[in-house]
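Colleague: Grab the two chains, each in its own frame, and use the hints to assemble them into the complex.
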Amino acid sequence: MNTDTKNIKKLTINQSLELDCGKTIKDFSLAYETYGTLNKNKNNAILVFHALTGDQFVTNINPITKREGWWSFAVGPGKAIDTNKYFVICANVLGGCMGTFGPKEINPKTNKIFATTFPVITIRDIVKAQKFLLDLLGIKKLLAVAGGSMGGMQVLQFVSLYPDMAHSAIPIACSASHSAQNIALNELGRQAIMADPNWKKENSIPNKGLAVARMAAHITYLSKQGLQEKFGRKLQDKGSLKFSFDADFQIESYLRYQGAAFVDRFDANSYLYITRAMDYFDLEKQFNGNLSLAFKKVKSKFCIISFSSDWLYPTIENKEIVIALNACGANVGFVEINSDKGHDSFLLNVPDFLKTLSEFISSTYNEINNEKRI
Amino acid sequence: MKKEFKVIAQIIQNNKRVLDVGCGDGTLMDYLKKNQKNDVRGLEPKKDLVQKCISKGLSVIEGDAEKELIQFPKKSFDYVVLSQTLQAFLYPEEVLNQLLRIGNQTIVSIPNFGFWKVRFHLLFKGTMPVTKNLPNEWYNTPNLHMCTIKDFVNFCNKKNIKIDKSMCLTNEKISEITKRNMQYKNIFSQLGIFLIQ
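The listed protein sequences derive, respectively, from chains A and B.
For the first sequence, the residue numbers in the working numbering are 1281 to 1654.
For the second sequence, the residue numbers in the working numbering are 48 to 244.
Just so you know, the hints here were simulated from the structure itself, not pulled from any lab data.
Backbone N, C-alpha and C define an ideal beta-carbon position, used for all residues, glycine too.
Check the hints yourself; a few may be wrong.
What the hints assert, rightly or not - A partial selection of chain A residues facing chain B, derived with a Cβ cut-off under 7 Å: (1) PHE1394; (2) ILE1463; (3) ALA1464; (4) ASN1606; (5) GLY1609; (6) VAL1612; (7) VAL1615; (8) GLU1616; (9) LEU1634; (10) THR1636; (11) GLU1639; (12) PHE1640.
Unchecked claim - A short list of chain A residues far from chain B (calculated; beta carbon distances all over 12 Å): (13) LEU1291; (14) VAL1400; (15) LEU1413; (16) LEU1416; (17) MET1445; (18) GLN1461; (19) LYS1510; (20) GLU1600.
Said to hold, decoys possible - SDA-like cross-link-like pairs, simulated, lysine to any residue; straight-line CA separation at most 25 Å: (21) A:LYS1514 to A:GLU1532; (22) A:LYS1577 to B:ASP86; (23) A:LYS1599 to B:LYS81; (24) B:LYS99 to A:LYS1577; (25) A:LYS1635 to B:LYS122; (26) A:LYS1635 to B:ASP198; (27) A:LYS1576 to B:ASP95; (28) B:LYS84 to A:PRO1631; (29) B:LYS114 to A:ALA1607; (30) B:LYS81 to A:ASN1650.
Bound-form chain B, shown alone (with noise of 0.2 Å):
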């Protein structure tokens, strides 16, 4: 499992209720279902990451989060996790915005478009950047919406949302993000993971 992943895990407690959007092939949900007793659900757009799934055991529903949101009731679960898919919706603000109302928690993750070799690429380079986490030309990325650790922190505080916890990941090292260095953290991230509310 990705070390992004075992991050998320960590911030989840244990027997609590989670779900997953996005959440792909279900390999978090099924790491939290074996090892943290976690009742999880997942929702994924993709038809045969749902067959996955649910040949795993994992109740998963296939569908899109702009979409099938709306379905869940308020604050019907403990955690609510977005992994790495925030940029890639046609309205991020409004799918933030239903996560925020079915989860207590949120747990979102960001590529960091503020990342050196990001900025490197464009400067330098004068081309859309290809990175390791961000593989796509920019005539086929699914990405519509790309921001860096500070913006999305400068769109948290903007909205009231509250930051529990940010914390970021360069070169599978995990670290916190803080105020003092978060200019810093912003140019050598290549992840953003946030614990909001």
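One chain only, chain A, in its complex shape (with noise of 0.2 Å):
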């Protein structure tokens, strides 16, 4: 990955944050971004939090990566998170690479970069980090805390740790305890990593173990019939099979394309950390076992949403959660969207998925101002 961070919003974290590893990190720079404007009631403002590979840059054009942000369908103006109305922030996990305290910044103990030497984070320290930011940004409550996959996950540990602090809670694709399936599916990604002679040199990138491991994952963010209505066997720019190993088909292709994109934007120790951080999350085990009591306390109301496709995040995942919110009162909603576009579905155009979500954060916002009024 090479992207030059200079020119980026960061603050630097003064207080100490205990990690759950044990250690204790000081000073440290956060990154992010935001859209909209803070209105003088200080009630629209709405956290978005970004899964694996994404960033703080959640729509208009990537000032690093020069692509439309991640989630540039639901969020911008008369968008559903509309940014006429709400002001959005968004921050760049703990051990990401765009920018906040990650895996590639120098140590200056040391005058190398941390590599695997940083350490190990979970999904509780990327959103206690994320906490200080609304702290300095004067932000005491807000209007939704927002994510798909990796992002439901920090929505759920948000409300866990700061029952008070949101009005609506929207968890998409995601669990409250990383499945074995998406455990090893990680692994493979990182043994992908590692298993590249590169990783281990110094100042040398392991593009190809990195990219093979995007190419795995990608295949997991999208359905089976998806995939076949996409490629089914269609041939890349040729007429016949060509009885070698080049990229015959197009899925092939669109692996690899994917797969050569992501090394450019993306650093392989971050890989390895943000994966390690969703593989230790289990909000279930935080709670000894019993996932009603970490909802026990929150006030927010939930709005949870799956994707019929999604096989990585299933519905019935999705559903647990639900379950444990019935299970101790809490104000909680749920539908499982229609689409054949598997676990991305929340990064695409699903009409149902945005009608859904944009409904549901504008009513929350005109019963608090209502309130207030009344």
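Modeller: Dropping the structure here:
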């Protein structure tokens, strides 16, 4: 990865943060971006959490990668999360590689990049770090916390840690504890990176390993039906099979492209650390095996959304969160959206999803403004 | 809002917790929330209706009552409402037991199969009744377990379910069902509404 992150918004967190691994970090940087304007009452702020390979550049053109922000379909002026109306905040996660303190930073003690000497971080650490950002921005209560996939895990962790801080919570296509299948898939990616001879070498980048990790992961973000419909057995720029190991099929070429494009914008060690944080996420275990206890004090109104063709974070795992919330009498709505786009549905133009998201947020916003008037 | 919902809303006291099972597009929930300050939740199997409810700011869970009710703790709601859906379940008795477990009180409404038009239809036409309240043909009806007002009352008595209120609807007119007028109401009412526990 080769990106210049000098020109992005960053805060230095002067307070110390005790990580779950036992180490404490202090004076660390947190890169973030905001969209829209915080209103006078400071009640229109939405904290968006990004997923594994996302960053703080939720929408518009990402100034570093020059590509559309990862949630451009959902966030922007006039969109579901309307930046004309709401103030959207997103921070690059701890351990990330878009300006926040992560393994590609220089360790001042050794003058070398941290790489795998960086402390192992958890979803709870990631969320706690973002709370500092809210404090510095002077936001006491958010209109909503929202995110898909690993972003959804952060939503769950956030409301559990700060039960009074969000009017509403929107965990999308996620799980309260990472499944064996998902740990296995993450391990596959990590092993691909570690198997790259460049990984251990100083000043060299394990591009091949990281690309393979991305290719494997990318398959898990799509559905079988979606892949079949988009690619089938179509050949790439050729009339017949070439009896070689070139990319004969369009799907092969597509995956290779996805892998190659990814290494330009992502750090291999960040990939190791963030996937580890996801694997370690087990909210149920944090509360001695009773997920309901995680939400006992939470006042937020929940809207949980899953997608019919998502096999990475299937509906059944999302429903476990619903069940836990119901068991403690929380305020929860849940819907599974029909889509053949797999786990990636939350990032794509899925009208039923975007409509639900938009109207849930605006109904919450109207409710809190009406309460004020009474 | 239809008369049946007005009757149900009148039974429900303000500021209480309500679960609407099979809440549809959330009309009753919305009314209870806005006008009676009830803390309402819904359960609805149809995705498009769930989306409608969530859009209105109503907390509705997509799911089938026969599978989902089990997750709600004992007596976690003041009222559980089941409007004209009991007859559509595979195991209505089990659903009813769940409702009674979850709610301090349960409001159940049933389309009355003892209504004279229904009887008339079967008696004289000799075909399965199709009426305003039961608009489907036998081959596409979701209704698996039709019953009459009398059947429902007998059932409650047999199972020691206490009936706190029994009302009926005839052409939008509401009246009370008593022991004395039961035979009559069972013929002339389209709908029975019961508050049970």
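Colleague: All hints are to be evaluated individually against the structure, with a verdict given for each.
Modeller: Evaluated hints:
no. : hint                   : verdict
1   : PHE1394                : 43 Å, violated
2   : ILE1463                : 26 Å, violated
3   : ALA1464                : 29 Å, violated
4   : ASN1606                : 5 Å, holds
5   : GLY1609                : 6 Å, holds
6   : VAL1612                : 6 Å, holds
7   : VAL1615                : 5 Å, holds
8   : GLU1616                : 6 Å, holds
9   : LEU1634                : 11 Å, violated
10  : THR1636                : 5 Å, holds
11  : GLU1639                : 3 Å, holds
12  : PHE1640                : 5 Å, holds
13  : LEU1291                : 34 Å, holds
14  : VAL1400                : 35 Å, holds
15  : LEU1413                : 28 Å, holds
16  : LEU1416                : 31 Å, holds
17  : MET1445                : 19 Å, holds
18  : GLN1461                : 23 Å, holds
19  : LYS1510                : 24 Å, holds
20  : GLU1600                : 10 Å, violated
21  : A:LYS1514 to A:GLU1532 : 10 Å, holds
22  : A:LYS1577 to B:ASP86   : 17 Å, holds
23  : A:LYS1599 to B:LYS81   : 28 Å, violated
24  : B:LYS99 to A:LYS1577   : 28 Å, violated
25  : A:LYS1635 to B:LYS122  : 34 Å, violated
26  : A:LYS1635 to B:ASP198  : 44 Å, violated
27  : A:LYS1576 to B:ASP95   : 30 Å, violated
28  : B:LYS84 to A:PRO1631   : 32 Å, violated
29  : B:LYS114 to A:ALA1607  : 15 Å, holds
30  : B:LYS81 to A:ASN1650   : 12 Å, holds
Of the hints listed earlier, those the structure fails to meet are numbers 1, 2, 3, 9, 20, 23, 24, 25, 26, 27 and 28, in rising order.
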